[in-house]
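Q: Spelled out, the chains give:
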Amino acid sequence: GAGVSQSPSNKVTEKGKDVELRCDPISGHTALYWYRQSLGQGLEFLIYFQGNSAPDKSGLPSDRFSAERTGGSVSTLTIQRTQQEDSAVYLCASSLGWQDYGYTFGSGTRLTVV
Amino acid sequence: GESVGLHLPTLSVQEGDNSIINCAYSNSASDYFIWYKQESGKGPQFIIDIRSNMDKRQGQRVTVLLNKTVKHLSLQIAATQPGDSAVYFCAENMPDRGSTLGRLYFGRGTQLTVWP
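Top to bottom, those sequences are chains A and B. For the first sequence, counting from 1, position 11 maps to 11 in the numbering used here; every step adds exactly one. For the second sequence, counting from 1, position 74 maps to 74 in the numbering used here; every step adds exactly one.
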């Protein structure tokens with residue numbers, strides 16, 4: 001597609017429920033990144049996929065967070081047993097690949113845990 | 001390091017003035033730097049980049065300056081306009097961080113507000 005698409009744009013969920021956030025990267029981009037942005041704060045790295053390599057999961061805050069990328073394209077970030085501190089905007093970005101730093105970001109999913 | 005858990009610094013300027021946004025980066029081995037602009041409700045957008053073999057690079061109304069001696073990066077916006085109001089992030093690569101070769105490390109961000 002023309003840009004990075006994320007869905008849903010907004011999600012309100014009850015504490016303890018599981019949520020899935022979707023990212024559809026730009027066609028042909030082999031690298032995909034997830035970041036989290038809490039209100040008024042900076043970008044916190046979560047996970048990074050590059051082609052068929054094992055993902056860099058070093059930023060995932062707990063084992064309640066996981067992500068997968070199917071067929072080298074669409075990615076899903078799953079948060080299990082959501083907590084109020086998980087409330088944030090979850091941003092996805094993609095790039096052409098290894099050491100290409102020209103990230104294109106999606107508009108994010110605003111997650112609110114009540 | 002990464003920008004987690006800290007509130008953003010702010011900069012307020014009047015329309016037409018020049019703005020300077022500063023960033024201190026952390027790794028002397030970083031060789032590529034980018035400035036991103038994030039408007040409210042949107043994802044960050046690329047503004048301008050610079051490689052470590054350069055000291056200055058100019059774009060349209062924006063200039064990035066790199067001082068490797070003190071690990072400092074700045075973004076200058078000429079004749080600032082209300083549409084420039086946004087959060088600005090600097091980012092660096094860190095080629096000596098093993099498996100994280102391919103990703104950027106983002107700074108805290110600065111909230112720029114332009115008053116008419």
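Treat the hints as calculated values from the structure; they're not laboratory data. Hints may contain errors.
The calculated lysine to any residue pairs, modelled on SDA-like cross-linking and capped at a C-alpha distance of 25 angstroms, are [what the hints assert, rightly or not]: (1) B/Lys37 with A/Ser66; (2) A/Lys57 with A/Pro8; (3) A/Lys15 with B/Gly41; (4) A/Lys11 with A/Thr78; (5) B/Lys42 with A/Ala54; (6) B/Lys56 with A/Ser58; (7) B/Lys42 with B/Gln14; (8) B/Lys37 with A/Lys17; (9) B/Lys68 with A/Asp63; (10) B/Lys42 with A/Ser53; (11) B/Lys42 with A/Ser73; (12) A/Lys15 with A/Thr30; (13) B/Lys68 with B/Gln14; (14) B/Lys68 with A/Lys11; (15) B/Lys71 with B/Leu8; (16) B/Lys68 with A/Tyr101; (17) B/Lys42 with B/Lys71; (18) B/Lys42 with A/Asn52; (19) A/Lys17 with A/Gly51.
Q: What hint numbers does the structure not satisfy?
A: 1, 5, 6, 8, 9, 10, 12, 13, 14, 17, 18 and 19
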